[in-house]
Structure formats: structure tokens, C-alpha cells
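Each residue of the sequence shown is one higher than the one before, counting from 56 in the numbering used here.
Just so you know, the hints here were simulated from the structure itself, not pulled from any lab data.
Remember, it's a predicted structure, so these values are computed and weren't measured experimentally.
Hints should not be assumed to be uniformly reliable.
[As the list claims (entries may be wrong)] 25 Å max Cα-Cα, derived PhoX-like pairs, lysine-lysine:
hint, residue 1, residue 2
1, K255, K228
2, K228, K123
3, K123, K85
4, K228, K209
5, K123, K209
6, K255, K85
7, K60, K93
8, K60, K85
9, K279, K228
10, K123, K93
11, K255, K279
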Amino acid sequence: MLTRKQFELLMFIHERLKEAGVPPSFDEMKEALDLRSKSGIHRLITALEERGFIRRLPHRARALEVVKLPESVAPSLTASRQKGTFSPNVIQGSLGRLKPMSTSTDGPPRGAMVPVMGRIAAGVPVSAIQDHTHNIAVPPEILGSGDHFALEVKGDSMIDAGIFDGDTVVIRKSDTAQTGEIVVALIDDAEATLKRLRRKGDSIALEAANSAYETRIFGPDRVKVQGKLVGLIRRY
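Please work from the sequences and hints to get the whole structure.
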């Protein structure tokens, strides 16, 4: 049985995944649960792990696997896992998500084909999004309505969001985004970068998820949103 705070944390992560496609950061968890320090979040995560609701993945900072939800919330989800058919989401770090791809024994992974448009900087911005280089199969459950494209991540500025160098991010095309969402931003029509967008008055802040990088602030006419993060694919 979960305590109220344990249940709140589990459901907060679950709901954020449903809404944004990525789980909250430790700071967001702390704020949502009205805790004074991140150590309280660490204790709650440890308790959830001990009770079998999440599992830590080795060799990845704060990488968690969501194993189940309480039966009162998702009895069908728990039942499917007991039958051996449960396929968990994988939460990488504090803000990334990897969904397992459907595979067959006699062919490549099955999924919707999404164009890969080169690399995106998770660090110092690079030149604007390149032309179509190849396609990648993406699990259909990651995709919603609208057009999508994928980008290979280069750099480490989003590692605390669970987005690592070499990952492939799946982006839903959009020219708007709400504050707090991870976006592909085009700066001065010349540089593209993957960052969390924050609005500060008439300015736009592009915020890294790595303390080694400073938040960059621009006037609204200098930044164009190209799309929003909806999924992440990682190969081991």
C-alpha cells in the first residue's frame, strides 16, 4: 500500500507522461509535492522501487522503469503484466521517455515510418535542421495527430532531462509551445537547438537541463518553434 505522497508522485509522473510525453524533472516533482528538498523525492522513488512500482536501470543517472500503477487506478494494466504481456514505458532520467518498439522474429521493427532530418544540438546550437537523411520506424503509440519528424541528438545539455548524446527524439511539428515544454527552436533562422522553452514577459528563454549550460534569453522575434518533443528512441 502506498502512502499519500508516494501515490501522488507516481500519478504525477504518469499524468505528465500522458500530457507531454516526458516525465517531470526532480525540481518539478519537488514543487508539485510541496517538498523542501530533492532528497524527499529520492526517498519516495526508493520507496516506490521497493514496492515494485518502478525499477532503477543500471548505468543511467536517475533512469527509471515504470513497472505498474496501483490496481485501483489501472487494474487492466496490472492484469496484463501478470499474464506476461505488459510492456512498460521506460523513463530515462527525469524528462525522457523510451517506448519499446514492436518487433517480429522474421523482420525489422514494425511502426510508423518517420523521416529523420539530421541532427539537433543539445548543447551549442548548430546549423538549421538539415534535409531528410533517412527514415526510422517509430512505435505508433508515440505518435498522435499531426506531422512528425525525428532528429538525432548531439551534445549533453539535456542529460538531466534524460536526453543523451546519440538518442533520437521524435518531434511533432508545431509553431507554438507552452512554457515548460521541450521544443526544437530555430534561432535567427540559422541555428536549431533542443531546449525547454520558458516565457519571461516578452522574452523567450531556452533552458538547458544541465547545470554546465546557461539559459539563453532572446527577443520573441528571434526564436521560432519548429516542433515539440513527443518521444525518444534509444539504442543500446
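Taking the hints in turn, this is what the structure says about them:
1. K255 with K228: holds, 23 Å
2. K228 with K123: Answer violated: K228 to K123 is near 31 Å, above 25 Å.
3. K123 with K85: Distance of about 22 Å is within 25 Å: holds.
4. K228 with K209: At roughly 20 Å apart (the allowed maximum being 25 Å), K209 and K228 satisfy the hint.
5. K123 with K209: Cα-Cα ~32 Å, so violated.
6. K255 with K85: Holds, at about 22 Å.
7. K60 with K93: holds, 14 Å
8. K60 with K85: OK: K60 and K85 at ~11 Å, within 25 Å.
9. K279 with K228: holds, 12 Å
10. K123 with K93: holds, 23 Å
11. K255 with K279: Holds, because 16 Å separates the two Cα atoms, which is no more than 25 Å.
Checked against the numbered hints listed earlier, the structure breaks hints 2, 5; every other hint is satisfied.
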